[in-house]
Each structure stands twice: as C-alpha cells, then as structure tokens.
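Enquirer: Those protein sequence lines, which keep their order, are chains C and P. Here the first sequence is numbered in the working numbering, starting from 3 and rising by one per residue. Here the second sequence is numbered in the working numbering, starting from 149 and rising by one per residue.
One thing to keep in mind: the hints can contain errors.
Restricting the straight-line Cα-Cα distance to at most 30 Å, the calculated cross-link-like pairs of lysine-lysine (DSSO-like) are [what the hints assert, rightly or not]:
hint	chain 1	residue 1	chain 2	residue 2
1	P	Lys208	P	Lys220
2	P	Lys274	C	Lys154
3	C	Lys30	P	Lys220
4	P	Lys340	C	Lys154
5	C	Lys30	P	Lys208
6	P	Lys274	C	Lys30
7	P	Lys340	P	Lys220
8	P	Lys274	C	Lys51
9	P	Lys274	P	Lys220
10	C	Lys30	C	Lys152
11	C	Lys154	P	Lys220
12	P	Lys274	P	Lys208
13	P	Lys340	P	Lys274
14	C	Lys154	C	Lys30
15	C	Lys30	P	Lys340
16	P	Lys208	C	Lys154
17	C	Lys152	P	Lys340
Some residues of chain C that are not near chain P, with every Cβ distance over 10 Å (derived) [unchecked claim]:
hint	residue
18	Ala68
19	Val82
20	Met83
21	Leu93
Label pairs and their calculated CB-CB ranges [unchecked claim]:
hint	chain 1	residue 1	chain 2	residue 2	range
22	C	Met80	P	Leu190	23 to 29 Å
23	C	Phe179	P	Lys220	18 to 24 Å
24	P	Lys340	C	Ile86	47 to 53 Å
25	C	Gln177	P	Ile153	51 to 57 Å
26	C	Met80	P	Val327	41 to 47 Å
27	C	Phe179	P	Arg217	39 to 45 Å
No lab work stands behind these hints: they were computed from the structure. Backbone N, C-alpha and C define an ideal beta-carbon position, used for all residues, glycine too.
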Amino acid sequence: MLITVLTSVSRWAIPFLLLCIPIYGFCKRIPVYETFVEGAEEGFYTAIKIIPFLVGMLVAISVFRASGAMDYLIWAIMPVMTAIGAPPEVLPLAVMRPLSGSGALGLATELMRAYGADSMIGRMASVMQGTTDTTFFVLTVYFGSVGIRKFKYAIITGLSADITGLLASIYICNQLFQ
Amino acid sequence: MLNLIWLLLMVSGIVVAAINGQVEAVTQAALGAARSAVEICLDLIGIMALWLGIMKIAEKAGVISSLARLLKPFLRRLFPSVPPEHPAMGAIILNLSANMLGLGNAATPFGLKAMQELQQLNHGDKSEATEAMCTFMALNTSCITLIPATIIGIRLSFSSSNPTEIVGACIFATSCAMVIAVSLDYWFRIRKHWRRKG
Numbered sequence: 003m004l005i006t007v008l009t010s011v012s013r014w015a016i017p018f019l020l021l022c023i024p025i026y027g028f029c030k031r032i033p034v035y036e037t038f039v040e041g042a043e044e045g046f047y048t049a050i051k052i053i054p055f056l057v058g059m060l061v062a063i064s065v066f067r068a069s070g071a072m073d074y075l076i077w078a079i080m081p082v083m084t085a086i087g088a089p090p091e092v093l094p095l096a097v098m099r100p101l102s103g104s105g106a107l108g109l110a111t112e113l114m115r116a117y118g119a120d121s122m123i124g125r126m127a128s129v130m131q132g133t134t135d136t137t138f139f140v141l142t143v144y145f146g147s148v149g150i151r152k153f154k155y156a157i158i159t160g161l162s163a164d165i166t167g168l169l170a171s172i173y174i175c176n177q178l179f180q
Numbered sequence: 149m150l151n152l153i154w155l156l157l158m159v160s161g162i163v164v165a166a167i168n169g170q171v172e173a174v175t176q177a178a179l180g181a182a183r184s185a186v187e188i189c190l191d192l193i194g195i196m197a198l199w200l201g202i203m204k205i206a207e208k209a210g211v212i213s214s215l216a217r218l219l220k221p222f223l224r225r226l227f228p229s230v231p232p233e234h235p236a237m238g239a240i241i242l243n244l245s246a247n248m249l250g251l252g253n254a255a256t257p258f259g260l261k262a263m264q265e266l267q268q269l270n271h272g273d274k275s276e277a278t279e280a281m282c283t284f285m286a287l288n289t290s291c292i293t294l295i296p297a298t299i300i301g302i303r304l305s306f307s308s309s310n311p312t313e314i315v316g317a318c319i320f321a322t323s324c325a326m327v328i329a330v331s332l333d334y335w336f337r338i339r340k341h342w343r344r345k346g
C-alpha cells in the first residue's frame with residue numbers, strides 16, 4: 003500500500019508540475035512559450051559557470067579516492083564506528099557519501115548485492131544513502147554557480163549534518179531492525 | 149577552510165599514491181574526473197533550461213510569491229536578512245519541496261535559482277557567502293527526504309521483502325541532521341553578531 007502511494011507520488015510529481023504551471027500561467031494570460039524560453043536561456047550560462055568549480059573539486063576527490071588515501075581514513079576511524087555499533091562493511095559508504103554521489107550509490111548497491119537488501123548491512127546502507135547528502139558536490143555547484151569562493155562556515159554545518167545523519171542512521175537501524 | 153580541505157585531499161592523495169607506488173592511478177583519476185565534471189555540467193544544461201523555463205512561468209503567474217507568502221512566518225525566522233516577499237524565498241521553497249519528494253534533478257535548478265536571487269541581496273564581497281546562503285545550504289544538505297526514490301528502487305531490484313521499511317528510519321535520521329545543521333547555522337550567525345556588538 004505504502005509503496006504504491008510513494009511510487010505514484012514520485013512518478014506523478016514532475017508531469018503534474020509540467021501540466022499545472024503552464025496551464026495556470028495560461029489562465030493568468032501569460033505568453034507561456036515565450037516566458038518558458040526566456041527562463042530556459044539562463045540554464046546554459048548557469049551550467050557553464052559551474053564547470054571550473056566542479057573540475058577543481060571532483061579532481062581532488064577522485065585523486066584522494068583512487069590513491070588509496072581514503073582507505074587509510076576509513077581504517078583510521080574504523081574503531082570509532084565499530085564502537086557505536088556499525089558493521090565495518092558500511093564504513094566506506096559513510097566516508098564516501100559526502101564526497102561523491104555516484105561513488106556512494108555504487109557502494110550502496112554493491113553492499114546490497116553482496117549481503118542482501120534485507121540484511122542489517124543492506125538496511126543500514128539504504129538509510130545512510132537516503133539520509134545524507136553529497137555535501138561537497140552541493141556546496142561546490144551551488145556556490146560555484148554564483149561565483150562564490152569563500153564558503154565561510156557552510157562546510158562545517160554541512161559536514162556536521164552528514165556526521166549527525168550517519169550516527170543517527172546507525173542508531174535507528176540498530177533500534178529498529180535488530 | 150575550503151583551501152585547506154582541497155589542498156589536503158590533493159596532497160594526501162598524491163603522497164599515499166607515491167608510497168604505494170601507484171602514481172599512475174593519480175594521473176588517471178585526475179584526468180578522468182576533469183572530464184566527468186564537464187560532462188555533469190553539460191548534462192545539467194538541459195535540465196536547468198527545462199526547470200528554469202517552467203519556473204519563469206510560475207514566477208510571472210505569481211505562484212512563487214504566493215508560495216513564499218504561505219510559508220512566511222516560518223521563513224522569516226530562518227532568513228531574517230531576506231525580504232519576505234523576495235523571489236529568493238519562492239525558489240528556496242521549491243528547492244526544498246523537490247528535495248523532500250526525492251526529485252534530485254528538479255531540486256538543483258530551483259536551488260541554483262535561489263542562489264542567484266540571494267546573490268543579488270549580497271551587498272558585501274560578492275565572492276563570499278552571505279548568512280542567508282549558509283542557512284540555505286544548511287537546510288538543503290540536511291533536508292528531509294520523504295521519498296528516497298532511488299534507494300527504494302535499488303532495494304526493489306534486489307528483491308527486498310519490504311523496500312519501503314527504511315523510510316521511517318530515513319526520516320528520523322534526516323530530522324536529527326536537520327536539527328543539528330539549523331542550530332549550528334543559527335549559532336554561527338548569532339556569534340558573529342555578538343562579536344560585532346562587543
């Protein structure tokens with residue numbers, strides 16, 4: 003029941019917006035097509051503006067990942083994570099999540115393939131994936147699009163949110179699914 | 149802060165690769181990442197154009213400002229430096245709603261639009277983030293996802309007996325993250341004003 007409701011909401015959300023906004027605009031006597039094109043034009047410049055920021059961030063992250071430095075980081079925080087009740091298998095996902103969205107999705111998929119979606123590891127991976135965001139990517143893209151280079155405390159807030167989300171995921175999974 | 153993180157990622161990566169005797173991996177990763185960054189941005193052009201076009205219609209039809217008016221009491225507290233009827237508010241609401249519904253590719257264009265609007269209110273150093281921007285990023289990166297569609301899809305494909313059983317846990321965990329992010333952001337903001345007074 004829940005799954006049908008949820009999937010139909012996410013299936014219908016975009017067609018719904020694409021239908022209702024132009025119709026409403028038309029009723030308000032707005033030249034809908036011309037207005038659409040006028041807005042769409044900005045899309046190109048915004049996307050192009052992000053490129054240098056994203057190149058800088060993605061290069062640094064993938065050097066960090068491919069060199070094996072990330073594995074050392076994982077190894078270093080392993081004792082902390084096992085102490086709070088996380089299976090060591092989910093740790094790479096926890097470290098990857100704020101850095102790379104596609105990398106994290108790949109790891110989560112791999113964990114579920116290896117251990118099953120209904121295992122503790124599979125469930126924990128799902129919750130972690132659904133909870134936290136790719137903070138570095140989001141900050142780079144959002145700030146980059148308006149040419150902001152000094153992020154101030156936004157990085158600390160974003161990463162604290164990620165860490166809180168991860169700890170809360172581990173806690174709630176241990177409570178709910180044991 | 150960012151300079152340091154960036155440098156640390158690069159330097160530690162290259163040093164570790166050198167110790168492990170895998171310097172080629174660094175070269176490949178760097179060049180590959182540079183290419184994929186551009187590919188991501190090129191993909192973004194189409195999605196951005198589509199949603200910014202739709203959003204322009206919504207803006208002219210007054211949908212955005214009515215949304216902003218609806219959530220005014222709530223937003224005024226979070227964004228004291230943004231005028232309540234400002235188009236930035238509408239874009240922020242659209243971004244957060246898209247995030248909640250798990251519509252990642254619609255959320256980004258709305259969010260970037262919100263950033264542009266917030267940048268117009270930035271009367272200081274244009275290369276430095278404003279308080280409102282930091283608050284917006286705190287909300288955005290910790291935002292509650294009511295429908296984590298991607299992960300439900302993956303669970304379904306690995307024949308989970310109950311693919312949506314994680315939704316409640318996700319909502320609990322993101323709520324914790326959001327509370328921490330918003331309070332930390334608030335604390336940073338308050339602290340700065342105290343310093344200015346004192």
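Enquirer: Taking the beta carbons of Gln177(C) and Ile153(P), is their distance inside 51 to 57 Å?
Expert: Since Gln177(C) and Ile153(P) have Cβ atoms about 33 Å apart, the given range 51 to 57 Å is violated.
Enquirer: Does the Cβ-Cβ separation between Phe179(C) and Lys220(P) fall within 18 to 24 Å?
Expert: 40 Å, violated
Enquirer: So if I understand the rule, the pair passes when the alpha-carbon distance is 30 Å or less; does Lys30(C) with Lys152(C) pass?
Expert: 41 Å, violated
Enquirer: Beyond 10 Å on every Cβ pair: is that true for Met83(C) relative to chain P?
Expert: 15 Å, holds
Enquirer: For the pair supplied as a hint, Lys152(C) and Lys340(P), is the alpha-carbon distance within the 30 Å limit?
Expert: OK: Lys152(C) and Lys340(P) at ~16 Å, within 30 Å.
Enquirer: Is it the case that Ala68(C) keeps its Cβ farther than 10 Å from each residue Cβ in chain P?
Expert: 4 Å, violated
Enquirer: Check the hint pairing Lys154(C) with Lys220(P) against an upper bound of 30 Å on the C-alpha distance.
Expert: 26 Å, holds
Enquirer: Is Lys30(C) close enough to Lys340(P), meaning Cα to Cα at most 30 Å?
Expert: Violated, because 45 Å separates the two Cα atoms, which is more than 30 Å.
Enquirer: Taking 30 Å as the top limit, are the C-alpha atoms of Lys274(P) and Lys51(C) close enough?
Expert: 15 Å, holds
Enquirer: Between the alpha carbons of Lys340(P) and Lys220(P), is the straight-line distance 30 Å or under?
Expert: 25 Å, holds
Enquirer: Just to be careful, I want the Cα atoms of Lys30(C) and Lys220(P) compared with a cutoff of 30 Å; is the pair within it?
Expert: Measuring from Cα to Cα gives roughly 24 Å; hence the hint holds.
Enquirer: How does the Cβ-Cβ distance of Phe179(C) and Arg217(P) compare with 39 to 45 Å: does it lie in that range?
Expert: Given a distance of about 42 Å, which is inside 39 to 45 Å, the answer is holds.
Violated hints, in rising order: 6, 10, 14, 15, 16, 18, 22, 23, 24, 25, 26; the structure is consistent with all others.
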